[in-house]
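**Q** Sequence lines, in order, name chains W and C.
So the mapping is simple: our numbering equals the position in the first sequence, first residue as 1, plus 223.
So the mapping is simple: our numbering equals the position in the second sequence, first residue as 1, plus 223.
Since the hints were made in silico from the structure, they are not lab data.
Heads up, some of the hints might be wrong.
Note: identical chains are not told apart, hence a pair may lie in one copy or across any two.
Straight-line C-alpha distance at most 20 Å; calculated EDC-like pairs for lysine to aspartate or glutamate [to be verified]:
1) K503 <-> D563
2) K485 <-> D381
3) K500 <-> E386
4) K383 <-> D349
5) K383 <-> D371
6) K500 <-> D349
7) K378 <-> E415
8) K485 <-> E603
2 protein chains.
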Amino acid sequence: MQTAAKTIPPSQSIHDLVTPSLILDRGRLTRNIARLADHARQLGVVLRPHMKTAKSIDVARRVFPDGPGPITVSTLAEAGYFASHGYRDMIYAVGLSPASARRALEICWRTGAEIKLLLDTVEQADALAEVRETTGVIPSVLIELDVDDHRGGLKPDDPKLIEVAARVVAAGANLVGVLAHAGESYGLNTPEALVAAAESERVATVRAAEILRAHGYACPIVSLGSTPTAHFAQNLDGVTELRAGVYMFFDLVQHGVGVCNKDDIAISVLASVIGAKPEKGWILVDAGWMALSRDRGTASQRVDQGYGVVCDEQGRVLEDVIVSQASQEHGILSIRPGSDKTMPDLPVGTRVRILPNHACAMAAQHAFYSVVDGESAGIEARWDRIRGW
Amino acid sequence: MQTAAKTIPPSQSIHDLVTPSLILDRGRLTRNIARLADHARQLGVVLRPHMKTAKSIDVARRVFPDGPGPITVSTLAEAGYFASHGYRDMIYAVGLSPASARRALEICWRTGAEIKLLLDTVEQADALAEVRETTGVIPSVLIELDVDDHRGGLKPDDPKLIEVAARVVAAGANLVGVLAHAGESYGLNTPEALVAAAESERVATVRAAEILRAHGYACPIVSLGSTPTAHFAQNLDGVTELRAGVYMFFDLVQHGVGVCNKDDIAISVLASVIGAKPEKGWILVDAGWMALSRDRGTASQRVDQGYGVVCDEQGRVLEDVIVSQASQEHGILSIRPGSDKTMPDLPVGTRVRILPNHACAMAAQHAFYSVVDGESAGIEARWDRIRGW
């Protein structure tokens, strides 16, 4: 059911917003959602969006206009929240501890949702027996794969893969598949490298599924994804589902990787000018790391965007103006080193928008989105976010 | 009035907490509060604590056991929150925009609090006339000083100091003093340099007050401070009040500067082990940057603490174990480069605590504190935090 949460009187505009405020551009959001949905459809896989970026039922409703679909979550607070809104098919994409497994199954018991759990060790598998007994719910489990030395997970050829599968079954849980995340793709920046990373993620993940099947495990779910590889995958044979999260909003890191343009970035922080140091080329604004996050993900990319790219109040990029420094509630705007641009005239009280290095991190600093569309100043709605664990 | 908010049944222990959770050690908090209060008393100045770190009325009650005292705030959300709890004397330590000044005075009108505003330009001063007229409240104003090229503010000898003072008075506002923040002291690391920075902050601030007085402005408030200079100041002649915020909790950055010991750090994030990569020397935990923050403030210090120092569940430091990498909900523990230690045995489900690089940033990622005392596992209380702007 499509309902606009907390519709705001039409007279409210971004000029009335307290600064700093988090702005979400509905047109860009809609375009980004459609782009990956189309791509997944063409590749013949289910899209299981990761809700860790948006953390909002109102955003989820734009992703699933016809009703709840399969999702990925990063916390059990998200799982409980989306379950309360009718979402039934979730993967909790963080390796389980005995305590988190128990809590997840309690949510399943209470809401009727199925929260699929993730693990990669025999210790985690063994712990499921007691969790099953305590909660009376049979856990559904995916084995986490390591396809690019990024974080956790087992290599497809690791003999532990079969050992873990056996222990999952021995614990009385359902082994429903394998899951990979090509997290190292964030460090790439050419289409060729991204296409290759997507194919390498696919090959390793499908191989793990085949090994499991050769040992008698059905492995119905073959799940992979990261925003860069999801967009650059050309073939997903053998894969059943694709996961991505930041693609709904995009950000400067994804722009640096080459997955989006700056004008695809759907969130920004509205800030007010509160001073200047003309002798240093500085403009001071009332958005620091509390509003922008401390994320400096572009620092290791070809173009370092400081704490974010600065736009005018309508969202048009002010060329080569970045947030060069940030303290808790102060940002310092300056011209990017090496640029021949001069700082535009931004008197005290002027409002600007700042694009995120990392959308997940910027959004996490805010309790809600003020939804706009394009360059219109009208606020269409306020969409709440959830937080915590 | 001293009341424990939301007292938790005594049976609740940190073993029952969801991970990640933010832990506050009451004993350490009490000791840190007493240390700076004693120092301010010896120096003969009023302490005006900055609430931007704790953002909690329960912490404020430990700072002011006899009832509300003078405070500093970083957002107008904090101002409104503390006003609703009886705090009357506040400095909003972020330069004003016309919109924020209006909102601050509306809070004053509604609550009876006095929120002193900060500015350093004639444009901000001129804007006060209309704000005064709209709200019917006479603004109280401090001029922001720049004592170490850190951020905003005027140099004491800048002729604009007198010009801005004149325009504040012309706008019908009360000029109540000057304010400095020696933010560059965070980059120091010897007692000599810190003592010198504190004295330099004092000299510049007092000089600005004297210049204003020579021009006929009374300048009753002479306010300065930063956690490092506040602790190392040896003489505050001419100063009326001292400000600091992070000192209540302390953190690894302050430890690197030399202001505290590791066992003074009062907050930490409780996390659970969810896996390991023995071949890489990694232990994986369920606390990433969402729980720890993206702050890497120790990266530029002599000892880089990664995303934080790891302790056992009781808060005892595991020597040379740090969080070396962090993604949204995953942290990777490893042994500090160059150390001859080996990783302790931390099986899946083990709980650890992680000390913050930057207490303001870590606390900001959480909605509440679970309050403990020392190595006892009992949770004494849950103290809520406020967020937003």
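**Q** Against each hint, give a clear statement of whether it holds in the structure.
**A** Okay, the hints, checked on the actual structure:
For a Cα distance limit of 20 Å, the shortest separation of K503 from D563 inside one copy, 15 Å, qualifies, whereas the shortest one across copies, 46 Å, does not. Neither within a single protomer nor between protomers do K485 and D381 lie at most 20 Å apart by alpha-carbon distance, with minima of 41 Å and 40 Å respectively. In this homomeric assembly, K500 and E386 come within 20 Å of each other (Cα to Cα) only across copies, at 16 Å, whereas the closest approach inside a single copy is 63 Å. Taking the closest pair of Cα atoms, K383 and D349 come within 20 Å of each other only inside a single copy of the chain (14 Å); across copies the shortest separation is 71 Å, beyond that limit.
Proximity of K383 to D371 under the C-alpha cut-off of 20 Å is restricted to the intra-copy arrangement: shortest distance 17 Å within a copy versus 58 Å between copies. In the homo-oligomer, the alpha carbons of K500 and D349 lie at most 20 Å apart only across protomers (18 Å), although the nearest pairing inside one protomer, at 61 Å, exceeds that limit. In the homo-oligomer, the alpha carbons of K378 and E415 never lie at most 20 Å apart, since the shortest distance is 24 Å inside one protomer and 53 Å across protomers. Taking CA atoms no more than 20 Å apart as the test, K485 paired with E603 passes in neither setting, with 23 Å inside one copy and 48 Å between copies.
In summary, the numbered hints that this structure violates are 2, 7, 8.
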